[in-house]
Amino acid sequence: DTAVSQTPKYLVTQMGNDKSIKCEQNLGHDTMYWYKQDSKKFLKIMFSYNNKELIINETVPNRFSPKSPDKAHLNLHINSLELGDSAVYFCASSQRTWTATGELFFGEGSRLTVL
Amino acid sequence: DAKTTQPNSMESNEEEPVHLPCNHSTISGTDYIHWYRQLPSQGPEYVIHGLTSNVNNRMASLAIAEDRKSSTLILHRATLRDAAVYYCILRDGTLGGTASKLTFGTGTRLQVTL
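If you read the sequences in order, they're chains B and R. Following this note's numbering, the numbering of the first sequence begins with 55 at its first residue and continues without gaps. Following this note's numbering, the numbering of the second sequence begins with 23 at its first residue and continues without gaps.
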């Protein structure tokens with residue numbers, strides 16, 4: 055069983071469209087994250103949620119709206135897609151006390167291509 | 023976030039030890055040193071982390087300099103499956119739990135050859 059699963063794995067769409075990426079974790083963790091990896095391979099945190107509450111929001115444009123229906127799911131909705139949104143988006147999860155173990159668990163990524 | 027400096031790439035032969043260096047001269051006393059790796063087409067994977075003392079786990083060892091301005095990730099016997107980008111990351115230890123985060127740099131691309 056995949057611990058952190060993301061769908062879709064690949065997404066190709068036109069500029070101006072709205073799209074969503076879903077993430078689910080079956081590890082029983084209470085904190086989830088979205089990271090973005092751009093074409094230069096920099097991996098940057100976008101959001102983190104703990105028990106459905108937004109904790110970290112790293113100055114991401116308002117077009118990006120995370121939604122956490124429960125602590126096992128964190129979805130990312132993107133409005134009015136732009137070329138610069140093309141990237142690989144990674145979902146991750148952890149226990150609230152992850153700083154002791156050092157471990158974030160990442161999904162395999164969702165590659166978004168905006169044409 | 024305090025910055026880390028790593029070589030862009032390194033090569034190793036299979037079955038030999040690999041020492042991946044990381045400089046973090048501006049590290050503060052409360053920064054933890056984390057190492058993650060990212061295999062091709064996969065998400066990052068935790069390797070090891072430490073604060074002041076050297077650390078060992080089943081994947082690797084972490085050697086931390088006495089002044090903490092540098093550290094070295096040691097893979098004892100590299101295999102082809104260890105070919106990945108290795109990230110050395112400093113995490114602010116004053117932030118606990120949910121407010122804490124990892125800021126990834128560019129990492130070191132490790133190539134392992136037969």
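These are calculated hints, taken from the structure and not from any lab test. Incorrect hints may have been included.
Mimicking EDC-like on lysine to aspartate or glutamate, the simulated pairs with C-alpha atoms at most 16 Å apart in a straight line are [stated by the list, open to error]:
| no. | chain 1 | residue 1 | chain 2 | residue 2 |
| --- | --- | --- | --- | --- |
| 1 | B | K76 | B | D124 |
| 2 | R | K123 | B | E157 |
| 3 | R | K91 | R | D114 |
| 4 | R | K123 | B | D124 |
| 5 | B | K121 | B | E157 |
| 6 | R | K91 | R | E67 |
In silico negatives: residues of chain R with every beta carbon more than 10 Å from chain B [stated by the list, open to error]:
| no. | residue |
| --- | --- |
| 7 | S92 |
| 8 | V107 |
| 9 | G115 |
| 10 | L124 |
| 11 | T125 |
| 12 | G129 |
From chain B, some residues computed to sit far from chain R (all C-beta separations above 10 Å) [what the hints assert, rightly or not]:
| no. | residue |
| --- | --- |
| 13 | L65 |
| 14 | K76 |
| 15 | L81 |
| 16 | N104 |
| 17 | S122 |
| 18 | D124 |
| 19 | N129 |
| 20 | D139 |
| 21 | G156 |
| 22 | E162 |
| 23 | G163 |
| 24 | L169 |
Keep in mind it's a predicted model, so treat the numbers as computed, not measured. Where a beta carbon is used, it is the ideal one built from N, C-alpha and C, also for glycine.
The hints, checked one at a time:
Distance check on the hinted pair: B:K76 and B:D124 sit about 12 Å apart at the alpha-carbon level, within 16 Å; holds. Between R:K123 and B:E157 the CA atoms are separated by roughly 11 Å; this keeps the pair inside 16 Å, and the hint holds. With a C-alpha separation of about 15 Å, the suggested pairing of R:K91 with R:D114 holds against the 16 Å cut-off. Of the supplied pair hints, the one linking R:K123 and B:D124 is violated, its CA atoms being roughly 21 Å apart against a limit of 16 Å.
A threshold of 16 Å between alpha carbons decides the hint, and for B:K121 with B:E157 the separation of about 23 Å lies outside it, so the pair is violated. For the hint linking R:K91 to R:E67, the alpha-carbon distance of about 24 Å lies beyond 16 Å, and the restraint is violated. No beta-carbon of chain B is positioned within 10 Å of the beta-carbon of R:S92; the least distance is around 19 Å. Distance to chain B contradicts R:V107 as a non-interface residue, since its nearest Cβ pair spans about 7 Å, not more than 10 Å.
The beta carbon of R:G115 sits about 7 Å from the closest Cβ of chain B, which is not more than 10 Å, so the claim that it is off the interface is violated. Taking the minimum C-beta to C-beta distance to chain B, about 7 Å, the non-interface status of R:L124 is violated against the 10 Å cut. For R:T125, the requirement that its beta carbon stay farther than 10 Å from each beta carbon of chain B is not met, with the minimum near 7 Å. With a closest Cβ-Cβ approach of about 8 Å to chain B, R:G129 is found to fall inside the 10 Å limit, against its non-interface label.
Every CB of chain R lies more than 10 Å from the CB of B:L65, the least distance being 15 Å, so the non-interface label holds. At roughly 15 Å, the least C-beta separation between B:K76 and chain R is larger than 10 Å, which holds for a residue marked as non-interface. Every beta carbon of chain R lies more than 10 Å from that of B:L81, the smallest distance being close to 13 Å; the non-interface claim holds. Separation of B:N104 from chain R is inadequate, the least Cβ-Cβ distance of about 4 Å not exceeding the 10 Å criterion.
With a cut of 10 Å on Cβ distances, B:S122 stays outside the contact zone with chain R, its closest approach being about 13 Å. At roughly 16 Å from the closest C-beta of chain R, the C-beta of B:D124 stays outside 10 Å, upholding its exclusion from the interface. Even its closest Cβ contact with chain R, about 17 Å, leaves B:N129 beyond 10 Å, as expected for a residue assigned away from the interface. The claim that B:D139 lies off the interface holds: its Cβ sits roughly 19 Å from the closest Cβ of chain R, which is beyond the 10 Å cut-off.
With a least CB separation of 3 Å from chain R, B:G156 falls inside the 10 Å interface cut-off, contrary to its annotation. Interface exclusion of B:E162 from chain R breaks down, the closest Cβ pair being 5 Å apart, not more than 10 Å. The Cβ of B:G163 does not lie farther than 10 Å from every Cβ of chain R; its closest approach is about 6 Å, which violates its non-interface assignment. No Cβ of chain R approaches the Cβ of B:L169 within 10 Å, the least distance being about 21 Å, so the stated non-interface status holds.
In summary, the numbered hints that this structure violates are 4, 5, 6, 8, 9, 10, 11, 12, 16, 21, 22 and 23.
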